[in-house]
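K.L.:
Start from the sequences and build out the full structure, keeping to the hints where you can.
Sequence lines, in order, name chains Y and V. Residue numbering for the first sequence follows UniProt numbering, beginning at 1 and increasing consecutively. Residue numbering for the second sequence follows UniProt numbering, beginning at 1 and increasing consecutively.
No lab work stands behind these hints: they were computed from the structure. Heads up, some of the hints might be wrong.
[Stated by the list, open to error] Within a straight-line C-alpha distance of at most 25 angstroms, the following computed SDA-like cross-link-like pairs (lysine to any residue) qualify:
id: 1; chain 1: V; residue 1: K229; chain 2: Y; residue 2: K458
id: 2; chain 1: Y; residue 1: K229; chain 2: V; residue 2: Q78
id: 3; chain 1: Y; residue 1: K458; chain 2: Y; residue 2: L249
One letter stands for each residue in the lines below.
There are 2 protein chains.
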Amino acid sequence: MAIMPVTDSMFLLAEAREHPMHVGGLQLFELPDGAGPDYVSDLHRQLLETVDVRPLFRRRPRGPVGVLGQFAWTNDDQLDVEYHVRHSGLPRPGRIRELLELTSRLHGTLLDRHRPLWEFTIIEGLGDNRFATYSKIHHALLDGVSALRLLGSTLSEDPDDRGVRPPWSPPVRTDVFDRPGRRDADPPDPFAAVSAFVKEVAGLGSAAARVVNEAFREQSATLAFQAPKSMFNVPITGARRFAAQGWPLERIRAVGRASGTTVNDVMLAMCSGALRQYMIDLGRLPDRPLVAAVPMSLRTRTPAGETALGGNAIGLILCDLATTDPDPTARLRTIHESMLRGKAVYHGMSRLQVTALSAIPLVPLAIGTIPGLTTVTPPAFNVMISNVPGPRRPLYWNGARMQGVYPLSIPYEGQALNITVTSYAESLEFGLTGCRRTVPHLQRLLGLLEESLTDLEKALC
Amino acid sequence: MAIMPVTDSMFLLAEAREHPMHVGGLQLFELPDGAGPDYVSDLHRQLLETVDVRPLFRRRPRGPVGVLGQFAWTNDDQLDVEYHVRHSGLPRPGRIRELLELTSRLHGTLLDRHRPLWEFTIIEGLGDNRFATYSKIHHALLDGVSALRLLGSTLSEDPDDRGVRPPWSPPVRTDVFDRPGRRDADPPDPFAAVSAFVKEVAGLGSAAARVVNEAFREQSATLAFQAPKSMFNVPITGARRFAAQGWPLERIRAVGRASGTTVNDVMLAMCSGALRQYMIDLGRLPDRPLVAAVPMSLRTRTPAGETALGGNAIGLILCDLATTDPDPTARLRTIHESMLRGKAVYHGMSRLQVTALSAIPLVPLAIGTIPGLTTVTPPAFNVMISNVPGPRRPLYWNGARMQGVYPLSIPYEGQALNITVTSYAESLEFGLTGCRRTVPHLQRLLGLLEESLTDLEKALC
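P.N.:
Take a look at the structure:
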């Protein structure tokens with residue numbers, strides 16, 4: 001039994017029925033040539049026969065045990081693989097719509113704390129010769145970025161490779177996942193920033209706190225505006241809606257080239273246009289622009305090939321989404337400038353300052369569910385939008401080509417919608433996770449994202 | 001907003017991740033003649049179009065609000081029928097096995113307290129021209145017996161009746177379900193006995209408590225044994241296994257006739273034989289016989305046509321299951337005598353005494369999850385076995401014949417297995433709900449129940 005770090009325990013302590021603290025991934029595969037009607041059943045049976053389970057996937061929480069209310073990790077010596085690895089079917093007609101409904105329901109239930117905190121569901125019944133998997137893992141075990149990377153790292157670039165093992169079974173092509181200490185080499189995970197903040201700031205005196213407070217005032221000042229109250233910043237319920245779709249990276253790059261902006265800027269502009277129209281349709285567009293929280297890697301290469309900041313710091317940038325502006329090109333320009341200003345705030349800061357500053361808007365997540373403690377911090381942003389780099393080449397699972405992979409993240413109290421995108425091969429894959437009650441008709445946002453991109457193309461390309 | 005009675009709030013307060021306090025029902029239907037491949041999808045769509053939802057199914061809990069920690073009921077003015085009424089598919093090959101796996105998973109997740117406390121899932125993909133429904137309702141809303149009765153009462157005895165409405169939509173053939181005050185006319189629900197106990201005993205002085213204690217000692221004395229420690233009487237986890245099967249009532253009646261025992265005695269003997277063999281196979285048969293808690297209606301007709309007890313009292317009888325005895329006939333005889341002695345204990349008691357005495361072994365359920373409060377009562381029984389009378393004639397849902405209906409009940413701390421049976425037409429339907437971790441291979445009990453009945457038939461018929 002090993003006492004869990006306070007920072008991992010936090011994700012268990014902060015969890016409530018209203019906001020399960022697990023992340024997920026939906027993967028879509030093509031059935032390989034010659035796959036019979038029992039292909040998925042057979043695959044499921046093979047998965048159950050995998051007896052090698054890596055230590056990370058055998059750990060279960062026990063507690064609270066520590067003086068600070070920490071949990072401990074203990075080994076599950078009765079690991080019940082059939083519990084964790086499930087087989088589900090879709091009802092007819094087996095469209096993406098039915099798949100997303102099932103995924104939404106699976107993502108909205110709590111993991112069982114008496115067992116290792118993960119589930120894997122293989123899903124059949126999709127039309128067009130496809131099947132899917134939905135993976136679910138608790139943030140205390142693995143942060144969202146690492147989880148997504150693990151999913152990819154177990155697949156193969158070789159369509160003929162038949163030695164691909166499931167994510168919970170060693171070996172995989174990278175060994176970072178049993179070593180939490182190497183997390184800082186990961187791309188940005190917003191919730192991990194909270195951990196890092198607690199870890200680095202805990203125990204420091206008031207001088208350090210003053211630095212952080214001053215930096216926060218500085219960032220707020222550069223924004224020159226505050227996040228409005230919006231329909232997304234309210235208490236939430238436990239049920240989820242999930243919507244997902246991929247867009248060709250080339251379309252997004254073309255808009256970037258035509259406007260002198262980055263793929264990330266264009267992605268944010270797509271979100272901005274879609275959210276604007278969504279709120280207009282519901283009659284709930286605030287008269288001040290929405291503010292997005294965007295985690296960014298702040299690693300910048302110097303001429304000497306080194307990084308400007310020591311290591312790979314993650315900064316949370318508050319970005320003006322310009323949702324009050326009807327002109328798509330103007331919105332993109334505002335977003336681009338806002339992101340540049342946001343990054344500039346971090347210039348010359350120490351890593352501790354960067355981390356602390358980034359974590360401040362996320363602190364309500366950590367303290368939001370302690371009974372009786374009212375969060376007095378006003379909402380610092382309206383929606384979190386993360387972009388996680390993914391695999392660049394097509395991947396295969398024992399011959400089954402992965403068509404797409406879509407991240408499911410964590411809405412929480414006051415943050416009813418989360419948008420996480422990831423790149424895969426030549427596609428940018430959007431995963432929208434929302435509170436079912438607060439964010440109605442989430443699927444509509446997919447159509448609006450397409451409209452938003454088309455508007456940019458018409459104006460710029 | 002109406003404050004909930006303490007007794008209903010109790011089921012919300014006592015609920016934990018480890019033991020959700022909802023009951024369920026699995027119904028199996030034949031597809032009607034001429035049903036096309038979209039029959040179930042169409043049925044689901046029609047169900048979603050039902051806008052009339054009875055008040056009971058619109059209530060959601062709010063709280064705690066009362067001085068005793070009670071919850072209140074409030075009306076859900078954003079009722080989201082699509083959330084409650086779901087459509088699921090089974091993976092191939094669509095056997096009962098796949099259906100029970102799905103049902104186990106559905107029964108193991110908590111209901112969302114931000115919404116009315118029920119879910120209804122219509123399930124397609126079953127072989128042999130069938131489909132199924134799984135209904136889930138919180139015990140605070142409706143006790144298990146009433147829930148099961150409601151499911152039946154909405155169906156029709158007429159195969160040509162096309163006016164059958166879903167359980168959440170008025171009108172149904174009986175109006176008792178919006179009037180909780182009439183619960184005492186129901187057949188026995190064990191958990192309702194806890195409610196009744198709290199309601200009737202709360203506020204009484206020490207004299208009343210003494211009566212109850214003396215009666216409990218009296219019942220314990222008649223048992224002349226105590227429940228052994230068994231594999232079923234341990235802390236449990238939240239995941240469930242569910243197994244279900246029906247047996248022809250005529251087979252059970254024949255054994256009863258041949259032995260001079262009741263259908264209920266024979267049912268208990270089936271359970272006894274099956275549990276004995278199950279524990280032998282696992283090497284975990286205790287050296288003293290298991291004790292079952294059996295809720296029984298104590299209404300007995302006098303020659304004048306009146307009942308011996310005022311009203312319809314529910315007594316919880318502790319029954320010697322004779323699991324140490326290898327002879328099936330001897331086990332049946334012991335069970336028969338134990339049930340007679342158990343009923344005799346209640347003879348001449350007041351209703352309050354009957355209720356209080358019945359509730360004592362169940363009290364750990366109510367207090368088991370208050371943090372820091374250790375239950376000092378030793379386990380008074382090993383397994384709860386309930387028999388709920390059901391519909392006598394075949395029922396139809398707009399032309400689809402119901403083949404079977406199986407109850408899912410509530411395992412709780414120290415009680416990892418619940419067996420509830422119900423009669424339907426000419427069948428006795430068994431529903432076994434267990435903690436997934438504590439009760440492995442629950443399905444095996446179905447085969448053992450059949451063996452157990454066959455053994456009795458061989459010995460007696």
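K.L.:
Which of the listed hints are broken here?
P.N.:
Of the numbered hints given earlier, the structure breaks just one, which is hint 1.
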